[in-house]
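First to last, the sequence lines map onto chains Y and D.
Numbering of the first sequence is given in this note's numbering, commencing with residue 1 and proceeding in unit increments.
Numbering of the second sequence is given in this note's numbering, commencing with residue 1 and proceeding in unit increments.
Worth flagging that the hints you see were computed from the coordinates, not collected in a lab.
Just so you know, not all the hints are guaranteed correct.
[To be verified] Below are the SDA-like pairs computed for lysine to any residue, each with C-alpha atoms no more than 20 Å apart in a straight line: (1) D:Lys57 - Y:Pro94; (2) D:Lys9 - Y:Glu41; (3) D:Lys9 - D:Lys57; (4) D:Lys70 - D:Lys83; (5) D:Lys57 - Y:Thr56; (6) D:Lys83 - D:Arg13; (7) D:Lys57 - Y:Glu41; (8) D:Lys57 - D:Arg68; (9) D:Lys71 - D:Ser22; (10) D:Lys9 - Y:Val44; (11) Y:Lys70 - Y:Glu38; (12) D:Lys83 - D:Asn26; (13) Y:Lys51 - D:Gln17; (14) D:Lys83 - D:Pro39; (15) D:Lys9 - Y:Glu38; (16) D:Lys71 - Y:Glu41; (17) D:Lys57 - Y:Asn92; (18) D:Lys57 - Y:Glu38.
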Amino acid sequence: GQQLNQSPQSMFIQEGEDVSMNCTSSSIFNTWLWYKQEPGEGPVLLIALYKAGELTSNGRLTAQFGITRKDSFLNISASIPSDVGIYFCAGNTPLVFGKGTRLSVIA
Amino acid sequence: DGGITQSPKYLFRKEGQNVTLSCEQNLNHDAMYWYRQDPGQGLRLIYYSQIVNDFQKGDIAEGYSVSREKKESFPLTVTSAQKNPTAFYLCASSSIGTAYGYTFGSGTRLTVV
Numbered sequence: 001g002q003q004l005n006q007s008p009q010s011m012f013i014q015e016g017e018d019v020s021m022n023c024t025s026s027s028i029f030n031t032w033l034w035y036k037q038e039p040g041e042g043p044v045l046l047i048a049l050y051k052a053g054e055l056t057s058n059g060r061l062t063a064q065f066g067i068t069r070k071d072s073f074l075n076i077s078a079s080i081p082s083d084v085g086i087y088f089c090a091g092n093t094p095l096v097f098g099k100g101t102r103l104s105v106i107a
Numbered sequence: 001d002g003g004i005t006q007s008p009k010y011l012f013r014k015e016g017q018n019v020t021l022s023c024e025q026n027l028n029h030d031a032m033y034w035y036r037q038d039p040g041q042g043l044r045l046i047y048y049s050q051i052v053n054d055f056q057k058g059d060i061a062e063g064y065s066v067s068r069e070k071k072e073s074f075p076l077t078v079t080s081a082q083k084n085p086t087a088f089y090l091c092a093s094s095s096i097g098t099a100y101g102y103t104f105g106s107g108t109r110l111t112v113v
């Protein structure tokens with residue numbers, strides 16, 4: 001099946017720092033979605049991207065749909081302790097998920 | 001409130017026993033999905049259904065079975081043929097097409113001893 005390469009696998013950052021993570025695919029994607037999962041819970045949708053080149057923000061989160069349609073990135077500005085969790089990229093139908101980026105924020 | 005409910009939250013079973021995980025949604029979504037999550041592996045698709053009485057295999061369907069007799073319900077049976085059943089199982093639903101994203105349940109953690 002399709003595979004998504006998500007990086008980095010994990011990040012340890014200081015509170016207040018900005019965070020960047022990305023996702024690449026071996027094939028073209030028609031949609032890119034970013035989810036966040038907290039321990040013991042299901043993922044929650046953060047941002048959805050539908051067009052190549054699209055840049056979308058949701059509060060401190062910004063995501064972009066790459067022009068080649070094979071990549072996407074997610075930025076989090078001014079991180080806070082509640083940003084801790086696993087962030088997943090996903091795309092296409094049915095959704096294919098990356099392996100996730102585990103974010104830890106040090107207060 | 002509309003949502004998707006998985007039960008139970010934790011499930012323990014002996015090796016060799018079949019077990020059924022429940023998933024119910026009241027979002028009026030047409031499509032429902034089952035994913036398996038293992039540490040460091042992300043989410044992998046087991047089965048999905050876009051309409052009642054029809055379903056398709058995902059990437060790791062071996063050892064699992066599903067049914068879709070009602071729009072609201074999509075139970076997953078983990079059979080004794082599944083070699084490594086211990087995992088976190090997530091159910092999701094959506095309107096047709098990824099443009100709407102998926103709504104996930106809170107998961108069932110299955111431990112087989």
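Status of the hints after comparison with the structure:
1. D:Lys57 - Y:Pro94: Given pair Lys57 (chain D), Pro94 (chain Y) holds - Cα atoms ~11 Å apart, limit 20 Å.
2. D:Lys9 - Y:Glu41: Distance ~10 Å between Lys9 (chain D) and Glu41 (chain Y) Cα, so the pair holds.
3. D:Lys9 - D:Lys57: violated (24 Å)
4. D:Lys70 - D:Lys83: Judged against 20 Å, a Cα distance of about 29 Å means the pair is violated.
5. D:Lys57 - Y:Thr56: Violated, at about 33 Å.
6. D:Lys83 - D:Arg13: Roughly 14 Å separates the two Cα atoms, so the pair holds.
7. D:Lys57 - Y:Glu41: violated (24 Å)
8. D:Lys57 - D:Arg68: holds (13 Å)
9. D:Lys71 - D:Ser22: Answer holds: Lys71 (chain D) to Ser22 (chain D) is near 13 Å, not above 20 Å.
10. D:Lys9 - Y:Val44: holds (18 Å)
11. Y:Lys70 - Y:Glu38: Cα-Cα ~27 Å, so violated.
12. D:Lys83 - D:Asn26: Not satisfied, since the Cα-Cα distance of roughly 33 Å exceeds 20 Å.
13. Y:Lys51 - D:Gln17: violated (46 Å)
14. D:Lys83 - D:Pro39: holds (17 Å)
15. D:Lys9 - Y:Glu38: holds (15 Å)
16. D:Lys71 - Y:Glu41: violated (23 Å)
17. D:Lys57 - Y:Asn92: Roughly 16 Å separates the two Cα atoms, so the pair holds.
18. D:Lys57 - Y:Glu38: violated (27 Å)
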